[in-house]
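Listed here are the chains, written in short residue letters.
Number of protein chains: 2
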Amino acid sequence: MRTTVQDVARAAGVSVSTVSRALTGGSVSPTTREAVVAVAHRLGYQPNRAARGLITGRTGNLGLIVPDLRNPFFADVAKGVTARARAVDCGVFISDTDEDPVAELEAIATLRHNTDGILLCSPRAKDAELLAAADPQNTVLLHRRVPGLSSVVADIVDGTRQAIEHLRALGHRRIAYVSGPEDSWAARQRLTGLESLAGDGLEILSTGSVAPTFDGGVLAGDLVLAGPATAVLAYNDLVAMGLLHRLAARGAVVPERMSVVGYDDISLAGMSHPPLTSVAVPKDRAGAIALDLLLGRAGSMTAAQGAEVILPTTLVVRASSGVPR
Amino acid sequence: MRTTVQDVARAAGVSVSTVSRALTGGSVSPTTREAVVAVAHRLGYQPNRAARGLITGRTGNLGLIVPDLRNPFFADVAKGVTARARAVDCGVFISDTDEDPVAELEAIATLRHNTDGILLCSPRAKDAELLAAADPQNTVLLHRRVPGLSSVVADIVDGTRQAIEHLRALGHRRIAYVSGPEDSWAARQRLTGLESLAGDGLEILSTGSVAPTFDGGVLAGDLVLAGPATAVLAYNDLVAMGLLHRLAARGAVVPERMSVVGYDDISLAGMSHPPLTSVAVPKDRAGAIALDLLLGRAGSMTAAQGAEVILPTTLVVRASSGVPR
DNA sequence: GTGAAAGCGCTAACAT
DNA sequence: ATGTTAGCGCTTTCAC
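Protein chains in written order, with the numbering used here: chain A, 8 to 332; chain B, 8 to 332.
None of these hints come from the bench; they were simulated from the model. Among the hints, erroneous ones may be present.
Claimed, not checked - Listed next, the stretches of chain A that the computed footprint assigns to chain B, with coverage defined by at least 3 CB atoms under 8 Å from CB atoms of chain B:
1) 56-64
2) 72-81
3) 92-104
4) 110-122
5) 247-260
6) 266-279
Please read these numbers as outputs of a predicted model, since none were measured by experiment. Glycine included, each C-beta is placed from N, C-alpha and C at the ideal position.
Start from the sequences and build out the full structure, keeping to the hints where you can.
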């Protein structure tokens, strides 16, 4: 049997409440506290979180819901969350929904009752579904905004602007855009950013939507080459890498024949050939901030207040973008 | 306040024990069960797992400890675990130790008391440390073997053999091996596999250890080119990708000038240029099997018995390997 | 088959 | 400052 407060109390010659107080920071005499802590340590006492949660109403755990851990973007988010969680001694339940909106909703239902709050990456579910399933009091949306819920997002509109301005400065006048899933919030944001940029001698040519994957990028490669564009902005880095792959296969040299800019700046971006210019999104920082928001650690802001944090994006210039030939 | 057994009992006009029995499969009359279930559903009752765990001694949760979620290898493992966990309605605590052996041990200490068991990916900690920190009864090691603990590993020795035989069949007679961290179990396994293969007209040239990362591979690229090898087996795919990168930069065409074979077959392997030949390790399946072992669902085998599962590896041939020029 | 009651390990009143 | 006691929500004897 594992050691309980009872055991510690007996061994230390005090009552259980004194033990509890000594360990959780109640008012105890310094001497007693010291003694209790020593005994607890000697006995290898570890408080039973379930029992504590039963009475305090707080579990010390939170839930993190992501569509796909294999996606480097969400792996980074998860990394940011777990790192911060470890620092504040908070457990993290992970739920990979496999890109299934139904699973997302189920995960919310399960986790909201067994955690102190939920960090939610839900690109697929509808606004209304989210509003119905989630408790605004202790849910923070990551990389998506829904009115009525707290959220931490990146300034995608500005990131898009930076990418296009970069290409324009290099001399590009016709830029292709490979769009992602039309129903995604992030995809719409990119489009919003693009809209205000066209004109003034600059043409944005949409190739239409592809899957936000490497294969989607491969597909888009041919579409882009068929058009007059000298540069292409991809929905995300995975798509951009598919593009690079296809362009290489078709003999189109990057960046001489075609400049390629990705989005998100996942760790792979620096490993492509050539290394990928990309709009950096603070993924792990977003995760850490969302956690702080949820736990009410983020200064005056609280998840309950429907806070909306917007983090800056920055363009990282690598070798995949250059002056047009 | 959320609905409890009390609420359901009152609404259904029965006692709490009947509700409990009806919901957990005790002996109740079919009529009562139906009624109780209906009421519970109507009230949106969700059992409090903490309270249940307090009495049953089982939490319905398990812990998954990985060194780095950003590493595609462990992302795959985590994916396999979470997918299976969802199927058996089991919560998963995730702990990313950031490659820190001390954090690994801490995570074990925390999780072993708050879960039904631990799935442990711990390449760094020493055997003795692991044995001291982990409970053999409910710990399963993933991709590492320590006597006295249950484990699920891949047949690395055979995978190495397949890779080398493949290269030998292509006509290579001098093959470089880029080694990984010397203290790692997986690294030693690869070496073991290699030992039995050299000789008989085949020369294995070790370049020494590098970091098991893209940058490590970049570094190794020059070492390999400086030697007489016509092919190289990398410690893992990340290293292989760094190799590809450096070889391309040095103008060494793959596979004509140099064949490259990776290890693990992470999803990126198919995205490199050229696509990478790699030894496929069943990562997500290993995760799922480890979970079954832990929960005693894997037939006759139980974690408690110190089971050692070895999963087969298979070489996936892509474009990075070919006949020497 | 069903209900009453005990108690899992812990914290938070309430006493002292 | 410390001890006593009542639960948190649930399952599980033990009666009936």
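Status of each hint after checking the structure:
{"no.": "1", "hint": "56-64", "verdict": "holds (count 5)"}
{"no.": "2", "hint": "72-81", "verdict": "holds (count 4)"}
{"no.": "3", "hint": "92-104", "verdict": "holds (count 7)"}
{"no.": "4", "hint": "110-122", "verdict": "holds (count 5)"}
{"no.": "5", "hint": "247-260", "verdict": "holds (count 5)"}
{"no.": "6", "hint": "266-279", "verdict": "holds (count 4)"}
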